[in-house]
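Protein chains in written order, with the working numbering: chain V, 106 to 367; chain F, 5 to 183; chain H, 17 to 376.
Take the hints with a grain of salt, since some may be wrong.
Under the rule of at most 25 Å between Cα atoms (straight-line distance), these lysine-lysine pairs were calculated in the DSS-like manner [said to hold, decoys possible]: (1) Lys326(V) - Lys145(V); (2) Lys205(H) - Lys144(V); (3) Lys145(V) - Lys57(H); (4) Lys205(H) - Lys265(H); (5) Lys366(V) - Lys265(H); (6) Lys145(V) - Lys376(H); (7) Lys265(H) - Lys145(V); (8) Lys144(V) - Lys281(V); (9) Lys303(H) - Lys205(H); (10) Lys226(H) - Lys366(V); (11) Lys326(V) - Lys281(V); (12) Lys265(H) - Lys226(H); (13) Lys376(H) - Lys144(V); (14) Lys171(F) - Lys146(F).
Quick look at which bits of chain V chain H covers, simulated, 3 or more residues with Cβ under 8 Å [stated by the list, open to error]: (15) 145 to 151; (16) 204 to 217; (17) 352 to 362.
Every beta carbon over 12 Å from chain H, so not counted as near; a handful from chain F, in silico [as the list claims (entries may be wrong)]: (18) Ala23; (19) Val24; (20) Asp93; (21) Val182.
Just so you know, the hints here were simulated from the structure itself, not pulled from any lab data.
Note that beta-carbon positions come from the ideal geometry of N, C-alpha and C, so glycine has one too.
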Amino acid sequence: MTFTDWLRADRLPHIYCAGCGNGTVINCTLNAVDQMGWKKEETVFVSGIGCSSRAPGYIVTDSLHTTHGRALAFATGIKMANPALNIVVFTGDGDLAAIGGNHFIHACRRNIDLTVVCMNNMIYGMTGGQGSPTTPPGALSTTTPYGSEEPAFDLCELAAAAGANYAARWTSYHVKELTHAVLAGLRTPGFSFIEALVQCPTNYGRRNKFRQPLDQVEYFKTHGMLVEKVRRLHEEGREIPPDTIVLGELARRNRPAMGVKR
Amino acid sequence: MRHEVRFSGFGGQGIILSAVILGRAAVMYDGTYAVQTQVYGPEARGGASMSAVIIDDSPILYPKVTDPDILVIMSQEGFEKYGVEVRDDALMILDSSLVHTRPRCRYLEIPATREAKMTLGRDIVANIIMLGALVRATGIVKESSLERAILDSVPKGTEDLNIRAMKRGIELATEGRVQ
Amino acid sequence: MQGNVACAEGALAAGCSFFGGYPITPSTEVAEHMAQRLPRKGGTFIQMEDEIASIAAVIGAAWTGARAMTATSGPGFSLMMENIGFAVMTETPCVIVNIQRGGPSTGQPTMSAQADMMQCRFGSHGDYSIIALSPASVQEMYELTAAAFNLADRFRVPVFLMADEIIGHMRERIEIPDSVPKVERKLLKQGVLPFHPDDDLVPGFPQFGKGYGVHVTGLTHDERGYPCATNPRVHEQLVRRLVEKVEGKRHEIADYRVTNPDAELVFITYGSPARTVEQVVHDNPGKEIGHLRFRTVWPFSENALREFPNARAFLVPEQNLGQMAREIERHTSVPVIRLPRFGGALHTPGELVAALEGLK
């Protein structure tokens, strides 16, 4: 089997824009799921609302496309009622960190056995490009026309502080690393959080000087720095550029978890 | 025969539990009907607390106490709120250690809180003393039924203390005189 | 037994195996009792971070085949509304208990009300229909909670137990039956599209984990379950079916009690005011005072009103300004007299007798 066996061929073409990074993340995730050897009938994909959350509709397993921000609460119900099911949640930055922020930290605190893949495009893509909790300061969106004046959330730090067993960040450029991180998350009992920065050429790139989709991918490549290196520079008292994207595993531990298959 | 009993005191005295125990004695051990209701505010302790029980031989339709024929009053505030406007033929059992006013209706003075503290060493069982006195003075449920309902309802390890409190209440009511 | 405890016991008797909830007065005893009892019966109790998450978890659990329930009151009920619409749209069987208190907003947390009857029917956005029951005794807290699960599974809708604080917190005698009737949730037949309805307009249930590979979405969807949100025909067909599968069966779902059908003056009640009317009827022997008591409030069965052919007036005591009275008015030319009583107190028999005297 390959990851394409997990796709619902009769739903194609998909709704994503040309150049969108979400497809890469879906492929990486399905690749990891495929490597786990899970059966389709034992796997459930859950999502909320937004571009990222349309992903389960393209996957052949049972899937629940829920309300905005609430995917983790629905997934908690599924997992607690039937721990034998493997559950992957697709979400985005607005869905997870704005409207769903409370469910996010509580799912981390419970350390419930879910794997959450967040496609962070730093913007509300589906509604046409409004600022989100991860829009970087200064970035332009339809609701931050003079540049965002709010600090952004660091989703991995948030997950780690709230109690998740696993947190990692990669981007749509880092296909192998991202696949590996999702795989590590799927293997980890408890709450696993994988943040994937993705380009949104239509609603983010266009307004923020990334003329071509690949320009933003290139930015991920040049601005990414492994967490180990960031920590070393920090210890040595050396300067870390403020627009650095910290990559790699930010948390990996074995706190007691809920909903683990016995 | 329908009896309407109203309990009042302050939160923490076990006013609601008293009503629950009395209702339980009636339903579970006397085989009659009972409905227990309450009025409560946000306070878990302090404040005026009120609970009520209706006991009847036949099923109870209207569940609220409007004109009680029996009152158990355990605080001055409770008296002022629920003990002033009562019918003339009602009987009020009042905790004379805490209630300083006397009603127009018939009443029986039971120094329950003082007795609980002095004789039994725990003022927490004052409500059980009042229950013992109530049942002796009115016969509203059998004393054996009350005893079983108390045993069902109190925390493990306090059964003996509570039964002694009930018996003390029965004694006080036997010695006392309805005025 | 207390009403709220009887509700929890009725749910357990019906095989409820999942409870997700959040503490709120005056419903909390339902959650507390489930927290104590469910784990020992092999079920799951989870206290969620809010009521939005509670109903979400309940819906998620329902898709694994569980009989799932939550319990709340006014403010929490308001928070649940969006996901209740999701349950309607995805045809998820679940039970929602509302022990009603005084509102709007924080209102009267410890006092009784019946002012969420319209919110229960119409509170989420869009056109839809649901089923709601209203108990008037501790016994009915038990029986109707158990019945709610059967209705939820049969019609694949959220079913509401619309109780009030008086019934929820009252303790009275209850007879626990050896067992309660149980309707099995009809599973989807192989080879049938997951949202293709049977003759009863209800599709078979494609339970998660059984290999159906079903996509469940709150978007307008076709019979495959696939999003189809811009096709007016698909949307209209879906919404009409969601409404019709309940409303078309309203006379069958209807559950009411009739006393003195030849009476000219007829009280119509549900929930705790029924107890006052029963007292009034009892205290005035004869056939002059009629009483129609709804145990099912939604869908509303107008046939019930025809049980009283001689009715000259319908008197409707409610713990609100006349929410069900408004519904009754839509279905009759008989004058409907609203008898609102709120602030937490229950109508007294004297008040209702006075209302009758005014009509004689």
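Looking back at the numbered hints, which does the structure fail to meet, lowest number first? 1, 3, 5, 6, 7, 9, 12, 13, 17, 18, 19
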